[in-house]
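A.B. asks: Generate coordinates for the entire structure from the input sequences, incorporating the hints supplied.
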Amino acid sequence: MTRPVISAGFIPLVDAAPLIVAHEMGFTEEEGIRLALEPSPSWSTLRDKLTLGQIEAAHMLSPVPVAMALGLGGIGDRIDALSVLSVNGNVFGVTEALADAMIATGFTPDFATPEAVGDALAASGLDLRIGVPFPFSMHTELLHRWLGTGPNAAQLTVHTVPPPLMAEAIKKGEINAFCVGEPWGSTIVDAGLGALLLPGRAIWAFAPEKVLAARHDWVEAQPDLTGRLMRAVWKAGRWLGDTDKLGPAADILARPEYLGLPSGLIERSLTGRMVIAPDGPARRVENMITFFDGAATFPWKSQAAWIGRQLAARYGLNPHEAASKAADVFRSDLYRLHLGPAGADMPGASEKLEGALSVETPVASESGTLILGPDQFFDGQIFDPSLGK
Amino acid sequence: MPDRLTIILVEEDTARADAIRASLTDSGQHDVHVLTGESGLARSIAELNPDVVLVDLANPSRDVLEELTLASGPLDRPVAMFVDKSDDRLMRAAIEAGVSAYVVDGLRPDRVKPVLDAAIARFHVFQRMRSELETTRRALEERKIIDRAKGILMRARGIGEDEAYALLRKAAMDQGKKLADVAQALVTASELLS
Numbered sequence: 001m002t003r004p005v006i007s008a009g010f011i012p013l014v015d016a017a018p019l020i021v022a023h024e025m026g027f028t029e030e031e032g033i034r035l036a037l038e039p040s041p042s043w044s045t046l047r048d049k050l051t052l053g054q055i056e057a058a059h060m061l062s063p064v065p066v067a068m069a070l071g072l073g074g075i076g077d078r079i080d081a082l083s084v085l086s087v088n089g090n091v092f093g094v095t096e097a098l099a100d101a102m103i104a105t106g107f108t109p110d111f112a113t114p115e116a117v118g119d120a121l122a123a124s125g126l127d128l129r130i131g132v133p134f135p136f137s138m139h140t141e142l143l144h145r146w147l148g149t150g151p152n153a154a155q156l157t158v159h160t161v162p163p164p165l166m167a168e169a170i171k172k173g174e175i176n177a178f179c180v181g182e183p184w185g186s187t188i189v190d191a192g193l194g195a196l197l198l199p200g201r202a203i204w205a206f207a208p209e210k211v212l213a214a215r216h217d218w219v220e221a222q223p224d225l226t227g228r229l230m231r232a233v234w235k236a237g238r239w240l241g242d243t244d245k246l247g248p249a250a251d252i253l254a255r256p257e258y259l260g261l262p263s264g265l266i267e268r269s270l271t272g273r274m275v276i277a278p279d280g281p282a283r284r285v286e287n288m289i290t291f292f293d294g295a296a297t298f299p300w301k302s303q304a305a306w307i308g309r310q311l312a313a314r315y316g317l318n319p320h321e322a323a324s325k326a327a328d329v330f331r332s333d334l335y336r337l338h339l340g341p342a343g344a345d346m347p348g349a350s351e352k353l354e355g356a357l358s359v360e361t362p363v364a365s366e367s368g369t370l371i372l373g374p375d376q377f378f379d380g381q382i383f384d385p386s387l388g389k
Numbered sequence: 001m002p003d004r005l006t007i008i009l010v011e012e013d014t015a016r017a018d019a020i021r022a023s024l025t026d027s028g029q030h031d032v033h034v035l036t037g038e039s040g041l042a043r044s045i046a047e048l049n050p051d052v053v054l055v056d057l058a059n060p061s062r063d064v065l066e067e068l069t070l071a072s073g074p075l076d077r078p079v080a081m082f083v084d085k086s087d088d089r090l091m092r093a094a095i096e097a098g099v100s101a102y103v104v105d106g107l108r109p110d111r112v113k114p115v116l117d118a119a120i121a122r123f124h125v126f127q128r129m130r131s132e133l134e135t136t137r138r139a140l141e142e143r144k145i146i147d148r149a150k151g152i153l154m155r156a157r158g159i160g161e162d163e164a165y166a167l168l169r170k171a172a173m174d175q176g177k178k179l180a181d182v183a184q185a186l187v188t189a190s191e192l193l194s
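In the order they appear, the protein sequences are chains V and H.
Following the working numbering, the numbering of the first sequence begins with 1 at its first residue and continues without gaps.
Following the working numbering, the numbering of the second sequence begins with 1 at its first residue and continues without gaps.
Note that these hints are calculated values from the structure, not bench results.
Values in this document were obtained by computation on a predicted structure and should not be read as measured data.
C-beta: ideal position from N, C-alpha, C; glycine also.
Warning: the hint list may mix true and false statements.
[Stated by the list, open to error] Simulated pairs of lysine to any residue, SDA-like, Cα-Cα distance not exceeding 25 Å:
| id | chain 1 | residue 1 | chain 2 | residue 2 |
| --- | --- | --- | --- | --- |
| 1 | H | K177 | V | E29 |
| 2 | V | K49 | H | R130 |
| 3 | V | K49 | H | H124 |
| 4 | V | K171 | H | V34 |
| 5 | V | K49 | H | R16 |
| 6 | V | K171 | H | R130 |
[Claimed, not checked] Facing chain V, from chain H, some residues (calculated, C-beta under 7 Å):
| id | residue |
| --- | --- |
| 7 | G40 |
| 8 | E66 |
| 9 | E67 |
| 10 | R92 |
| 11 | I95 |
[Stated by the list, open to error] Partner residues are not named here, just some residues of chain V that face chain H (Cβ under 10 Å, in silico):
| id | residue |
| --- | --- |
| 12 | W43 |
| 13 | T160 |
| 14 | V161 |
| 15 | F292 |
C.D. replies: Shown next, in the form of structure tokens:
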């Protein structure tokens, strides 16, 4: 019997792993579907292909479905986030020249402390021109959350630079800092063009980075296929959650049809051993990128609401309305419906305080064994999604 | 001059750019500027202050143009993707042809449509050429793999080339697989064993 084919787009990044692994390790076969994976040259093209029905599912920046729900950017169709593909995984770095200027102010890079990096950036007295891959991205949200208020606000400008062109933009002096997903940060380090100063998780310890996205009308019309797709991808996430599998995962991602880059480079972020400066030693980063543990795949309504509030503040929209529209597109209802029977442990609630956990914490769940990881913001503030409702 | 549109074309390949420029100027008296899809794009576009920006969907720089569609972007005038978001058919046609257009809000649809039609027609030709090239490339690669598989069979079983090819073809037919896939499997297996 031929299996129904679901076409899915991705951007060649480490965090496309759950879709690629679902296809390569037979999880789609288990669910009786086939994935036709197709790489996309840009986020806007991936989004438009999804919206116009050329593909059915996509690896997507978590703020994109939220932005679309708020009528920002592109064609205003509804895209649903079915589950979270990855948590964290971005890096923030600067050019060698800016790193030197910061060190001259007495700063010691520790790849951990956003306040110290922010202070040193301010002390350098230089303008900050930061390249990010896309206007609607966790990269952009983390930067505004971290540097958008306080002493760095005046020096901050954010530019869209596609990751493959980031090195060129640094060489031409158009940007002097960058926030990108792996392995692009590591390639900039290896090219001798910059140093990494922070992992994204230092700003928000549990930031939903990419989601499994599908068109809302397709999801409504194809509940069975949606369920199979969600289960195959969730099983791939569970497979990736096993540290023994990270070496093989790096080898799969390295293939020319996926990332086409050395697997050693890809393995750095997967295993959390980051090389932060040219010829520098490797740094161990806990939870550099997370695919499964701590209910990483659960699309929390509160995560969406946080993104919605951030966008509303920058684009001058009603914050309560934005948070509520945002929460609608993170489909924790479908997650419960399709993944509960597959064995995913379900948290008791679909929203939580964001930023309240500083250590691993057991929470109420259906099986009673769910442990959530730390999710605090760098400044210790807590986002309460119910505020102002 | 009210009918004159300023059009920016983001295209790295100069031959393609010239061909598209010719199609566009055939569709009306327009000022067409070509920018290569390198960095600094947003600033160059802001300086030229265009009515329409055309970009290949395959160009990663397209994400830079997204910035222009936002109120906080570097352009004075707001830019929308396409004139009228409700013109789904035109948009779909463009995306299928592999071109994306960013059009200044408020520009009359009847002024932009000829431009887009010309661009879509031209991009269709490119896309066909691109897929033909891809087919040729793949055919070449497949032939190489089949040749290697034949060589392996000839050495391992001491048979001639025609016989080796017949064996491969039979295996492919029996398994309901493509000849090239069977050949690839054999080559991979033999690499593992050697």
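A.B. asks: Against this structure, judge whether each hint is valid.
C.D. replies: Going through the hints against the structure:
1. K177/H <-> E29/V: holds (18 Å)
2. K49/V <-> R130/H: Satisfied, since the Cα-Cα distance of roughly 19 Å is no more than 25 Å.
3. K49/V <-> H124/H: holds (17 Å)
4. K171/V <-> V34/H: The given pair, whose Cα atoms are some 23 Å apart, holds under the 25 Å limit.
5. K49/V <-> R16/H: Holds, at about 23 Å.
6. K171/V <-> R130/H: violated (31 Å)
7. G40: Given a least distance of 6 Å, the restraint on G40/H holds.
8. E66: holds (5 Å)
9. E67: holds (5 Å)
10. R92: Nearest chain V Cβ about 6 Å off; hint holds.
11. I95: Hint on I95/H: holds, closest Cβ of chain V at ~5 Å, below 7 Å.
12. W43: holds (5 Å)
13. T160: holds (5 Å)
14. V161: Since chain H brings a Cβ to about 7 Å from V161/V, closer than 10 Å, the hint holds.
15. F292: With Cβ-Cβ at 29 Å, over 10 Å, it is violated.
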